[in-house]
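Visitor: Using the sequences provided together with the hints, build the complete structure.
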Amino acid sequence: MDVELKAITKRFGAVVANKDVTLQVRAGEVLGLLGENGAGKSTLMNVLCGLYRPDEGQIVINGTPVQFTNPGDAIAAGIGMVHQHFMLVPVFTVAENVVLGVEPVGRLNHLDLKTASAKVREISARYGLTVDPDALIETLPVGVQQRVEIIKVLFRSADVLILDEPTAVLTPQEVEDFFGIVRSLRDAGKAIIFITHKLNEILEIADRISVLRAGRIVGESDPATATKADLAEVMVGRPVHFEVDRSGAAPGDAMLVIKDLTVLRDDNTIAVDNVSLTVRGGEVLGIAGVQGNGQSALIQAITGLMPAARGTIRFLGQDITHASVRARHKLGLAHIPEDRQRMGLIPDFTVAENMVLDSYYDPRYARGPQVQWDAVNQWAATAAAAFDVRTTSVFAKAGHLSGGNQQKLIVARELSRDTKAVIAAQPTRGLDVGSIEYIHSRLMAARAEGDAVLIMSSELDEILALSDRIVVMFKGRIVAEFDANVEKPEKSQIGLAMAGVAA
Amino acid sequence: MSVNESLDAARDKLLQRAAPDRTEFEDLVIVPLFAFAVALILGAVTMLATGVDLATIGRSYVALLVGSVGSVNALSETLVAAIPLVLAGLGLALGFRAGLFNIGAEGQILMGGLAAVIFGFTFSALPFVILMPLSLLAGALTGAFYAGIAGWLRAATGAHEVISTIMLNLISYRLLDYMLSLPWVQREGRADPVSRSVPDAAELPRLLEWLDPNLRLHAGVFVMLLAVAFVYWLLFRTKLGFEFRASGASPDAARYAGMHASLIIVIAMATAGALAGLAGANQVLGVLGRATPGFSAGIGFDAIAVALLGRSHPIGVLFAGLLFGALQAGGRQMQVDAGVGIDLIGIIQALVIVFIAAPLLVRAIFPWGFRNRQKGTHQ
Ligand SMILES: Nc1ncnc2c1ncn2[C@@H]1O[C@H](COP(=O)(O)OP(=O)(O)O)[C@@H](O)[C@H]1O
Ligand SMILES: [Mg+2]
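One line per chain: the protein sequences are Z and E, in this order. Whatever position you read off the first sequence (first residue = 1), add 442 for my numbering. Letter 278 of the second sequence, counting from 1, is numbered 266 in my numbering, and no numbers are missing.
Keep in mind that a hint or two might mislead.
Stated by the list, open to error - Have a look at the derived ranges for each label pair, beta carbon to beta carbon: (1) Glu(-7)/E / Gln509/Z: 49 to 57 angstroms; (2) Thr34/E / Glu564/Z: 53 to 61 angstroms; (3) Asp687/Z / Glu(-7)/E: 22 to 30 angstroms; (4) Glu(-7)/E / Pro507/Z: 46 to 54 angstroms; (5) Ala456/Z / Glu(-7)/E: 22 to 30 angstroms; (6) Glu12/E / Thr613/Z: 35 to 43 angstroms; (7) Asn(-8)/E / Gly937/Z: 44 to 52 angstroms; (8) Glu12/E / Gln466/Z: 38 to 46 angstroms.
It is worth saying that the hints were derived from the structure and are not from the lab. For glycine and all other residues, C-beta sits at the position ideal for the given N, C-alpha and C.
Guide: Printed below as a string of structure tokens:
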């Protein structure tokens, strides 16, 4: 089935989300739709799947113009979308979720879950999705939940699959599996629109690439010949630097010294197992590892959010093993947390309130029991402007900002005070290249100022780009260490260590 | 333009406040108004269904209006009923903001009121300027202590405050009964559980006696207004209020920010209890003049509705409390004039809450009151 979008324009009030967009996708190919956050990708696809009506332009299927008034029409025409945010009922089984809305019924209108399960199993086997139809959604990892969304669409006999930033929620390992699934769908003759802002991914999976910027198609390219730099420039509208300048490494004194640290999870299993680490001023230490190997617990122990069961943490010569979160903060420890939505900021609070989330008590912002909101607002505006946080005003709710701007808000809050050490967990997860470039430059600026910088990331490229030294964690232990300033380690070396193969 | 100048310009732009959001206005003003209208209509339908004729229904709604705002006396009664509702409602709202669902206002009112009475008659020799404020304070502190128990249980053991405050309510009923029968509390020469009277010097003075000795409006109205201002200040202007709101909105972010979760829980509960205790003290020192079994008369539960209706905002709570006070005062008139049971008021109050809690339903019933919103969500 071939689908064509012709000169689509979609406005939200004064915002033109899509302008004159023309796009085709054919059966048996993966069309990569590349664009920064806010470029209008989701809006365009919501038009295609019948959620929005275009203000201008039309949709043509196999040469015939069609009009969708609701998602049901689009599904009937064979177009299905897997949304950025999943729409699953956590307490239902996979099969129940898949048939929701199109339940097969037997006599007397009873719900025929057997048929549903069988059908799910069949789809799952045909495309290598390996999903158990009887598992409860809430017990499944995100990667599997996503496959359930795909099965939902396939169950409704879709020939065109729209995948809206499908990899945003996946770990690197899950991404590889996911690409396998996408390929098997393509080989089965489905037309696939794969939306992302990640350059590596689009080059790997797409057969053809269209780039969307500020609502318009600004370029098309062939992944066989395109380079990351070309694509990034088209997508962002200016040249982007991927290489972080790490010249002038001048490691100073040891600032953060961790000795024999053991951290237990809530259920008393060992998360961090006897780890010793030193981070010196003016250097970046990268922690690599497959998620769930203790990196998060290590960072939470350093920042005071998880207690140390054994061992010591010294910062600037002081023993902070049992110090409170605030005491560590006051000593100059900045923390960019892993989960920005849940921990790093409060979506319901304004940008200004979030800017002082962990420093509202400081004499600069507070007098006696009162917070001086005027001072806070002034400072928040200065910081937002300096750190390029794009928001309409400091009184806007932080939850209304795009992911990249939320993260810049957190970075602004944590780095614009007098810091001695920066602990950054997944500092650029899910962000577009422009924001990533910016945040990296800020982290390097902290290093240049002589801060000790500790970075945890599941993106190996990020670790390699930023770190002076790299340690690899596996099952709570440090299993390998590399000094990038002596000899740049190979990705494969680190990868092996991450998989638990001793270096 | 230099870099600095352009940064300054960007900064100034960020400091501009956007015009108030239309949706916000709709949620805060239009939804409650329509909810109230629907509740009145459904109340009428209920009366019809129980065989009340149209003329009586009309009469009862006229009585509701007259009895709540139709005269000086009506206004005075409305305010008298509103005072404890607003005070206790403020406490609950504060708790909601901090993420605590406190069901215990009823018990805190009883304990606070009882303490105010006991303090009043025990130190009856003190002059008015000292005794009255201290009696109020005794009520507030006792309420704070009583609610603090639930806060402490939550912070120290994780016991959920919904359960523990319900249990504390049950304890408070019996504790009150017991205390009222103690010889040093019980009124001399009485066999039934009634406390000694509040001495004149502890009473909240009536404000409108010069106009008409029957007007019951008392100085508690100032306590109420002060409390509204205080809670507003506390929540939105202080460090502690910031901590309350942060803990309520996102406990994880509050922990990350170095806030002390257990301490905040205890303080928030105690502050809520102080306000409820103050409500109880206002009742005994301003209206009842003594403590009797169950003198709180469900105010602590109505206050939950008031706090919800007021969107946990001090100003909202004030208006919601006034509305509920008006319904109470008008309801009594309704009973007298039209013979319609006061229970109907309970139904109307409950319906208001149901519709407030379901803004989408109200939008669906009254589509013309709301500007059309673009379908689909912002991603
Ligand atoms: N429902 C909506 N109402 C108003 N503006 C919207 C809505 N959805 C998207 N937008 C705006 O349209 C633009 C494109 O958004 P979107 O399609 O979500 O981008 P992308 O998916 O590429 O990140 C953004 O500026 C966004 O703020
Ligand atoms: Mg999107």
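Visitor: Now tell me if each hint is right for this structure.
Guide: Okay, the hints, checked on the actual structure:
no.: 1; hint: Glu(-7)/E / Gln509/Z: 49 to 57 angstroms; verdict: holds, 51 angstroms
no.: 2; hint: Thr34/E / Glu564/Z: 53 to 61 angstroms; verdict: holds, 54 angstroms
no.: 3; hint: Asp687/Z / Glu(-7)/E: 22 to 30 angstroms; verdict: holds, 28 angstroms
no.: 4; hint: Glu(-7)/E / Pro507/Z: 46 to 54 angstroms; verdict: holds, 52 angstroms
no.: 5; hint: Ala456/Z / Glu(-7)/E: 22 to 30 angstroms; verdict: holds, 27 angstroms
no.: 6; hint: Glu12/E / Thr613/Z: 35 to 43 angstroms; verdict: holds, 39 angstroms
no.: 7; hint: Asn(-8)/E / Gly937/Z: 44 to 52 angstroms; verdict: holds, 46 angstroms
no.: 8; hint: Glu12/E / Gln466/Z: 38 to 46 angstroms; verdict: holds, 43 angstroms
Consistency with the previously given hints is maintained throughout, with no hint failing.
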